[in-house]
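Produce the complete structure using the sequences and hints provided.
Line by line, the protein sequences give chains A and B.
Counting from 1, one number per residue, gives the positions in the first sequence under our numbering.
Counting from 1, one number per residue, gives the positions in the second sequence under our numbering.
The hints are simulated quantities; they were obtained by calculation from the structure and are not laboratory data.
Here a beta-carbon is modelled for each residue, glycine too, at the ideal position from N, C-alpha and C.
Check before you lean on any hint, since a few could be wrong.
Below 25 Å or equal to it, Euclidean Cα-Cα: the simulated DSS-like pairs (lysine-lysine) are [said to hold, decoys possible]:
#1 B/Lys204 x B/Lys118
#2 A/Lys15 x A/Lys79
#3 B/Lys204 x B/Lys116
#4 B/Lys211 x A/Lys113
#5 A/Lys189 x A/Lys29
#6 B/Lys116 x B/Lys211
#7 A/Lys115 x B/Lys204
#8 A/Lys179 x A/Lys190
#9 A/Lys7 x A/Lys23
#10 A/Lys115 x B/Lys281
#11 B/Lys118 x B/Lys20
#12 A/Lys116 x B/Lys118
#13 A/Lys354 x A/Lys335
#14 B/Lys204 x A/Lys119
#15 A/Lys113 x B/Lys204
#16 A/Lys124 x B/Lys204
#17 A/Lys79 x B/Lys118
#18 B/Lys116 x A/Lys113
#19 A/Lys220 x A/Lys15
#20 A/Lys7 x A/Lys29
#21 A/Lys335 x A/Lys286
#22 A/Lys179 x A/Lys286
#23 A/Lys23 x A/Lys220
#24 A/Lys189 x A/Lys124
#25 A/Lys23 x A/Lys79
#26 B/Lys118 x A/Lys17
#27 A/Lys7 x A/Lys17
#28 A/Lys220 x A/Lys190
#29 A/Lys124 x A/Lys29
#30 A/Lys220 x A/Lys29
#31 A/Lys79 x A/Lys116
#32 A/Lys7 x A/Lys79
#33 B/Lys118 x B/Lys211
#34 A/Lys15 x B/Lys118
#35 B/Lys116 x A/Lys15
The calculated label-pair distances, taken between Cβ atoms and stated as ranges, are [claimed, not checked]:
#36 A/Ser127 x B/Gly197: 25 to 31 Å
#37 A/Leu195 x B/Lys281: 57 to 63 Å
#38 B/Gln87 x A/Ser127: 56 to 62 Å
#39 B/Ala131 x A/Thr211: 55 to 61 Å
#40 B/Lys281 x A/Tyr324: 57 to 63 Å
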Amino acid sequence: MASIQIKDMSVSYNKGKSYVLDKLNLDIKDGEFCVFLGPSGCGKSTAMHCIAGLLHPASGEIRFGDTVMTRAGAKGRDKIFVPPQERNIAMVFQEYALYPNMTVRENMSFALKTKKAPKDEIEKRVSYMAQMLSIEQLLDRRPAELSGGQRQRVALGRALVRDPQVFLLDEPLGNLDAKLRDQVRYELKKIQLQLGITTIYVTHDQTEAMTMADHIVLMKDGHIMQQGTPNELYDHPENEFVAGFLGTPQINIFSCEVRDDVLDAGDFRLRIPQELRASLAPYAGKRVDLGIRPSDFELASSQENAIAAHVDSIEPLGDAYLIYVRIGEKVVVFKYTGEHAPQDRELLLTANMKKLHLFDPQTQERINQ
Amino acid sequence: MQNDIARSKEAQQAQTVRVKPRWHMTVLHIVYYLIMIAFLVFYMLPFWGTVMTSFKTNSEVMTTTPIMPPRQWTLEGYASAMEELGQPLMTSLLVTLFGAAGSVFLGSICAYGLSKWKFRFNNVFFIALVAATYLPFQAILIPLLQTINALDLYDNVWGLVLVHTVFGMPMCTVMMRGYYADVPDALIRQAMIDGNGVWQIYRKIVVPNTKIATITVFVFQCTSIWNEMLFALVLGGYDSKPATIALNELAGTMAAEFNVQMAGSLILALPVLVLYIFMGKYLISGQMSGAVTAS
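What follows is the structure in structure tokens.
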């Protein structure tokens with residue numbers, strides 16, 4: 001196992017005219033489950049491919065533990081590149097990339113055979129991993145004879161059987177249906193905990209990231225927008241992008257004016273709580289963006305800080321209701337966890353004042369700590 | 001309820017009603033078939049005449065028309081033809097097998113490099129290879145003869161093998177590059193991560209997954225080398241005379257022995273025919289997959 005350090009790594013596909021990754025700095029601890037999260041084209045897969053050695057960065061350094069795997073941009077003898085086959089990593093691709101000419105057993109033992117591991121050892125490891133992933137009965141089949149879920153398990157097994165120092169997963173659940181995805185997600189996390197392999201997982205699905213990660217790296221346009229534990233990112237988003245990207249349904253954003261002791265959104269006013277006053281002092285008379293998560297609304301019991309809302313539609317989720325309400329002209333989502341959906345079309349809502357997120361409209365950075 | 005039943009009956013009838021072709025369509029079909037039969041006869045008649053003549057005695061050849069079946073079936077023509085073609089056939093077989101194997105092997109390696117690895121001037125190499133496939137062999141015949149002479153490979157089977165290997169390689173590369181492009185890049189990356197280098201990936205992943213492509217290109221190459229005459233005529237002397245040249249000499253040396261010539265032609269055509277009959281389905285599927293990739 002190994003920790004991973006990335007220092008000032010930049011990647012360009014057009015000889016430096018523009019950068020897909022721009023001075024990326026990252027520390028992944030030994031045994032950690034790290035998720036690279038972000039929208040398509042944010043550079044998360046590129047970063048993973050650099051770690052795997054499948055791509056050469058324009059500059060920067062990648063270390064596994066104390067060993068430098070890639071050092072680019074440096075002149076002369078300092079330039080280092082360890083090829084992927086010598087990095088002792090395992091990787092699972094979204095398209096699984098199972099060798100069609102080999103059986104499941106041969107697929108799983110391929111890397112070990114390449115490393116010239118003893119036959120008994122290969123057999124032992126393959127059957128252990130097959131048992132762990134419940135694919136023993138598939139060992140003599142070829143990939144074409146397997147379903148999507150089975151192929152996915154084989155791809156995982158093939159990666160895990162090698163006992164790698166780093167485990168890389170590039171959107172491995174992308175091709176599975178929702179039910180199977182939940183199941184494999186749970187199994188994957190369990191196996192990772194059991195084996196304690198440093199893992200990097202690339203996804204654009206924030207649910208996968210929130211449920212599996214020890215550490216999330218949220219990226220956009222080749223930059224890290226925020227990194228930390230899932231709760232840190234969810235509860236204290238450092239900017240509006242992070243707040244909007246994490247959480248389903250999306251956070252509701254209101255443009256408000258800071259006036260005296262209130263946040264004035266036009267259609268409603270909220271009295272600024274004591275703990276936010278210091279942060280908002282520099283914004284007196286100016287506008288700020290107020291973010292309230294759908295789950296941080298509730299039905300008001302008094303008129304104080306109440307927001308008048310007109311119900312547009314109600315979506316039952318089983319254990320809760322998603323209520324789309326109109327506040328003035330703006331459509332806002334509110335997650336209601338009561339047993340029965342409210343019957344009235346006109347509601348009074350109140351926001352959880354301890355969970356308000358305030359952002360600077362210009363910089364999009366968080367205002368309140 | 002009754003309405004429903006009536007409707008379903010109508011639907012059934014609608015399904016089983018046959019559209020009666022109009023009279024002019026029927027006439028058009030008859031004309032099409034007549035044209036096709038005419039073409040079939042036009043193409044098959046010479047072949048039929050060849051087969052019939054090959055089984056006749058020399059005297060019968062003189063007295064009957066070529067398309068008439070022999071009154072007395074004999075293998076005399078084949079025996080005489082084999083006397084003349086025996087050694088050249090062996091030469092052709094050797095040149096074809098080694099020449100095709102060599103060009104497919106080299107072409108496969110080039111195609112692998114060009115389709116799966118990025119390097120400087122990758123496209124320039126490929127364009128040069130495509131250009132080489134259009135090169136008329138007559139244009140380079142004299143320098144080629146000088147080179148082969150200098151290498152002391154004139155009138156030598158291995159000289160012909162070398163020439164066919166080299167001149168077949170560009171076409172093999174162009175064909176195989178299309179097939180190799182079908183091998184997903186993810187497989188190559190996966191194999192790298194599994195600890196394999198460039199050659200191991202070629203040997204263990206690319207070649208085993210493109211067997212049909214290899215067979216297709218090999219058969220294509222075998223056919224063109226087997227039927228080739230120009231290099232054979234210029235570079236093959238008396239000792240390394242391939243069958244195509246020997247067959248041509250049959251026409252010149254044994255005037256009017258048409259049964260022997262026809263038998264020789266059929267002997268020469270047989271391996272290619274057999275190859276196409278047994279490999280036909282691979283060839284079609286192989287050519288199709290290449291075509292799709294190219295588009």
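Now the hints, each set against the structure:
{"no.": "1", "hint": "B/Lys204 x B/Lys118", "result": "holds (20 Å)"}
{"no.": "2", "hint": "A/Lys15 x A/Lys79", "result": "holds (18 Å)"}
{"no.": "3", "hint": "B/Lys204 x B/Lys116", "result": "holds (15 Å)"}
{"no.": "4", "hint": "B/Lys211 x A/Lys113", "result": "holds (23 Å)"}
{"no.": "5", "hint": "A/Lys189 x A/Lys29", "result": "holds (16 Å)"}
{"no.": "6", "hint": "B/Lys116 x B/Lys211", "result": "holds (17 Å)"}
{"no.": "7", "hint": "A/Lys115 x B/Lys204", "result": "holds (14 Å)"}
{"no.": "8", "hint": "A/Lys179 x A/Lys190", "result": "holds (17 Å)"}
{"no.": "9", "hint": "A/Lys7 x A/Lys23", "result": "holds (7 Å)"}
{"no.": "10", "hint": "A/Lys115 x B/Lys281", "result": "violated (39 Å)"}
{"no.": "11", "hint": "B/Lys118 x B/Lys20", "result": "violated (60 Å)"}
{"no.": "12", "hint": "A/Lys116 x B/Lys118", "result": "violated (29 Å)"}
{"no.": "13", "hint": "A/Lys354 x A/Lys335", "result": "holds (17 Å)"}
{"no.": "14", "hint": "B/Lys204 x A/Lys119", "result": "holds (19 Å)"}
{"no.": "15", "hint": "A/Lys113 x B/Lys204", "result": "holds (12 Å)"}
{"no.": "16", "hint": "A/Lys124 x B/Lys204", "result": "holds (23 Å)"}
{"no.": "17", "hint": "A/Lys79 x B/Lys118", "result": "holds (20 Å)"}
{"no.": "18", "hint": "B/Lys116 x A/Lys113", "result": "holds (24 Å)"}
{"no.": "19", "hint": "A/Lys220 x A/Lys15", "result": "holds (21 Å)"}
{"no.": "20", "hint": "A/Lys7 x A/Lys29", "result": "holds (14 Å)"}
{"no.": "21", "hint": "A/Lys335 x A/Lys286", "result": "violated (30 Å)"}
{"no.": "22", "hint": "A/Lys179 x A/Lys286", "result": "violated (47 Å)"}
{"no.": "23", "hint": "A/Lys23 x A/Lys220", "result": "holds (13 Å)"}
{"no.": "24", "hint": "A/Lys189 x A/Lys124", "result": "holds (23 Å)"}
{"no.": "25", "hint": "A/Lys23 x A/Lys79", "result": "holds (17 Å)"}
{"no.": "26", "hint": "B/Lys118 x A/Lys17", "result": "holds (20 Å)"}
{"no.": "27", "hint": "A/Lys7 x A/Lys17", "result": "holds (21 Å)"}
{"no.": "28", "hint": "A/Lys220 x A/Lys190", "result": "violated (29 Å)"}
{"no.": "29", "hint": "A/Lys124 x A/Lys29", "result": "violated (30 Å)"}
{"no.": "30", "hint": "A/Lys220 x A/Lys29", "result": "holds (22 Å)"}
{"no.": "31", "hint": "A/Lys79 x A/Lys116", "result": "violated (30 Å)"}
{"no.": "32", "hint": "A/Lys7 x A/Lys79", "result": "holds (14 Å)"}
{"no.": "33", "hint": "B/Lys118 x B/Lys211", "result": "holds (24 Å)"}
{"no.": "34", "hint": "A/Lys15 x B/Lys118", "result": "holds (15 Å)"}
{"no.": "35", "hint": "B/Lys116 x A/Lys15", "result": "holds (21 Å)"}
{"no.": "36", "hint": "A/Ser127 x B/Gly197: 25 to 31 Å", "result": "holds (28 Å)"}
{"no.": "37", "hint": "A/Leu195 x B/Lys281: 57 to 63 Å", "result": "violated (47 Å)"}
{"no.": "38", "hint": "B/Gln87 x A/Ser127: 56 to 62 Å", "result": "holds (59 Å)"}
{"no.": "39", "hint": "B/Ala131 x A/Thr211: 55 to 61 Å", "result": "holds (57 Å)"}
{"no.": "40", "hint": "B/Lys281 x A/Tyr324: 57 to 63 Å", "result": "holds (59 Å)"}
In summary, the numbered hints that this structure violates are 10, 11, 12, 21, 22, 28, 29, 31 and 37.
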